[in-house]
Amino acid sequence: MKLRSLFLAPNHRLAGAPAAAGVDRLRYVPSAGPEAGLWWGELLGDQRPVDAFSLTYDSAPLEAPLAMLGRAHVRLNATVDAALANWFVRIEDVAADGEVTAITGGGLSGAQRRSLEHPEPLMPGKEYALELDLHLGSWVWMPGHRIRVAVSNALWPMLWPTPYPMTTALRLGGAGASAITLPVVPGKHPSAPQLSPPEPAEAPPGITAPGGGYAWPGSSRLERDEVRGESTMTWRGTTAMDFPWGSFAHSEQLSYHVADARPEGASVEGEAESTEKLAGQVLTYRGHLRISGDAATLHYSYTRELLRDGALVRTRSWHEDIARDLQ
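Numbering (our numbering), first residue to last: -3 to 323.
Derived by calculation from the structure, the hints in this document are not laboratory data. Keep in mind the model is a prediction, meaning the values are calculated, not measured. For every residue, glycine included, the Cβ atom is placed at its ideal position computed from N, Cα and C. No incorrect hints appear here.
For each label pair, taking beta carbons as the anchor points, the in silico distance ranges come out as:
1. 44 - 184: 29 to 35 Å
2. 204 - 316: 38 to 44 Å
3. 9 - 270: 48 to 54 Å
4. 44 - 9: 17 to 23 Å
5. 205 - 228: 30 to 36 Å
6. 8 - 271: 50 to 56 Å
7. 56 - 301: 57 to 63 Å
8. 204 - 291: 49 to 55 Å
9. 0 - 257: 38 to 44 Å
Listed next, the in silico DMTMM-like pairs over lysine to aspartate or glutamate satisfying Cα-Cα at most 20 Å (straight line):
10. 273 - 248
11. 184 - 89
12. 122 - 77
13. 273 - 238
14. 273 - 301
Can you make the complete structure from the sequences, with help from the hints?
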């Protein structure tokens, strides 16, 4: 494996050597990020909607294929005008027609830059050298495509937003320049392997999965109120299975909400229901979740219910206020 460093440069360029000094600034938009998915391993569409709220840096079009395999390393020289900020870095492929494909990424809480156990607030105006390793990535950029590095301070709803309005800045060029180091596969990249077709799945006798067997990936819907500056993203998933002795059905829903002017009040509400139809009875398990917050505290509430043939048998609730502790 060979390491190749690319440097964040003025005019949104990704250069092979440190460039002239410069500064890029980014206003924090707490609701930015739905198109980046609910977790890092999700299959995603075009990333241009996320990049619109990010600082992006593109290489020149590649003249030959470039293969990456491993964990990229990132160094950012960053400042912020608030006591708490997150940084997210994503590596992407920009095709000739402008479509952007996500490859990998990672994030860092500025408060946890030195310790996960003992977070420290940021000092507004002070420059910090932030370093992080991104998630494992495997990709081949083809000729004519560009390497893109996108940097943002929000990746909602995957990660909970920080509570303060802010503007961050990246210093470009100079000593210890902001850069990304890619683990590059040397030599000519191998051709795509010829894989045999997958073997058909065979369920045990008497068992069928009309719902596919899994609630994931489900479906998502994003609603945006531009007048209020508020966003709501709702995810739903269902599954069902039939057995010789009965049937099982499960559904989940998570609804995330954030207001760009009041990120401290972000919230999520969840509903889950599992139903087991057995000989002579129907058992239903329900869960009701709510997490909300303010600048100092996260508020957690969860209720669990058990029903038999539609009648409530047992219920229990949990409530807890949790100090944000620079989260």
